[in-house]
Every structure is written in structure tokens, then in C-alpha cells.
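Undergrad: Sequence:
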Amino acid sequence: MTEETGDLYLVWPRGLRPPEVSMPAGYALRTAQIGSGDRDRLRELLAAGGRHLDAVEERQLFDKILPNGLFFVVDEHREARRAGIGDAVGTCAALHDPQGDGHYFPFGGELGVLVVQKEHRRRGLGHALAAACVRRFRDAGYRSIRAGVDLDALPAAHLLLNLGFRPFAADETTVGRWRRVYDRLGLVFDREQCVDAGSYHTRSR
3 MTEETGDLYL VWPRGLRPPE VSMPAGYALR TAQIGSGDRD RLRELLAAGG RHLDAVEERQ
63 LFDKILPNGL FFVVDEHREA RRAGIGDAVG TCAALHDPQG DGHYFPFGGE LGVLVVQKEH
123 RRRGLGHALA AACVRRFRDA GYRSIRAGVD LDALPAAHLL LNLGFRPFAA DETTVGRWRR
183 VYDRLGLVFD REQCVDAGSY HTRSR
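When we follow this note's numbering, the leftmost residue of the sequence shown carries the number 3, and every step to the right adds one.
Because the hints were derived from the structure by calculation, they are not lab data.
All figures in this text were calculated on a predicted structure; none of them were measured in a lab.
Hints are supplied without guarantee of correctness; some may be wrong.
[What the hints assert, rightly or not] Pairwise CB distance ranges (calculated):
| # | residue 1 | residue 2 | range |
| --- | --- | --- | --- |
| 1 | ASP99 | LEU153 | 30 to 40 Å |
| 2 | GLY17 | ASN164 | 13 to 23 Å |
| 3 | VAL177 | ALA57 | 31 to 41 Å |
| 4 | VAL177 | ASP154 | 32 to 42 Å |
| 5 | ARG124 | GLY200 | 30 to 40 Å |
| 6 | LEU189 | GLY126 | 14 to 24 Å |
| 7 | PHE64 | ASP185 | 28 to 38 Å |
Note that the Cβ used here is the ideal one computed from N, Cα and C, for glycine as well.
Whenever a hint applies, use it, and build me the whole structure from the sequences.
TA: So, in C-alpha cells, the structure goes:
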């Protein structure tokens, strides 16, 4: 969308190698088992992040998740194991969303539901989760990989920029919005870092 109120997206650049998945000590990354209690774990993590899905939204979400594309970070610290709470403290999903935003993202994949519990943030867990999703997309042959930007959760956008994502510029209005986002993040905006819609759409095929 190009309107001032439309969605903003970050995209994974062509030719950029998938990032390494590096876990800090005391944590482990695992893929979710959709048919198990992991559905409840995902609900709990989303609720902790302020997102509550109704039955329809939840079904739509699970319908989009790639096989082995929902990741959890598990707290394996000794104190957590002793208390019996050594469980998921963060999540992220690789979503198949071919419709995307209009025609911009044919056969597109979207990185979604990136959540890390507040007390476990700033430890590299979000970076590891997002990296795992990008690698899952690349392993599945996706060339169009994006992440929506929540203007009320800009630290996540900062994380994804550090990972290697780049601003998607649908038009010059979008570029102006990105400038303001960078200002809010305290970053220097470089127009050359933007991925323009025309070239991205052509190369997504």
C-alpha cells in the first residue's frame, strides 16, 4: 500500500546469504509441534506480547505456517528447570503468504509473530529466531521474504535491520515514512539502502 496509513515492509535482499543462527548460553532453539501443546504455548507468548487471536485468526495463522516453520526459544537455565518453567520464552514463524500486499510479493513468505518475553529480551533471542525463519524460507526456495513493521513495536524493526533486512519502498511517500521511522530509531537514513518496488517485483519471480 502506498497511502500514509498503509503497511510498511522490510525485505530480505537478493543475493544476501542467510544469517547464522547463534543462541546465547542457557537457551535452545526448537521447531514447534503444531498438533501438540505448542499451540497453547504460542497463544501464551502472543498474549504476553499484547496480541490476542480469535478462532478465525488463529486458524488462518496456522494455515500459513510452513512445515517446520514455527520456532520456539526454550529457557534451559538451571533455575528455570528447577522451577519447572524451562519452556518457550520466544517465538517466530515462517509464513507462506502468496497474496502479500497486492502484487508486490508474488509467492511471498512473511516473517511473523516475532515475540520474546520481556524478561528475556536484549540477549540475542529475537535475532536467532528471525535468522531461523530466514533460513527456513531460503531452504524452501523462497526469493521474496518480507516482514511487516509495527509502528508501535519499532525495536523489532531495528532488530531486523541489523539482521540484514532492508526497507521496501513502494513509492516516494513510503520513502518519507521510512525516514521518520529511522529518526524514531535514532538511525541515519540512506535512500540507497531501500529496495524499490519495481525491481523487487521483477526479481521476485
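Undergrad: All the hints need checking, so say for each whether the structure fits it.
TA: Hints, one by one, checked against the model:
At about 20 Å, the beta-carbon gap between ASP99 and LEU153 misses the expected band of 30 to 40 Å. Distance hint check for GLY17 and ASN164: the Cβ-Cβ separation is about 19 Å, which falls inside the suggested range of 13 to 23 Å. VAL177 and ALA57 have their C-beta atoms about 39 Å apart, which keeps the hinted 31 to 41 Å range intact. Look at VAL177 against ASP154: about 21 Å separates their beta carbons, and that is not inside 32 to 42 Å.
For the pair ARG124 and GLY200, the supplied restraint of 30 to 40 Å holds, since their beta-carbon distance comes to about 38 Å. Judged by the Cβ atoms, the range 14 to 24 Å given for LEU189 and GLY126 holds: they are separated by roughly 19 Å. Distance hint check: the CB atoms of PHE64 and ASP185 are about 37 Å apart, consistent with the given range 28 to 38 Å.
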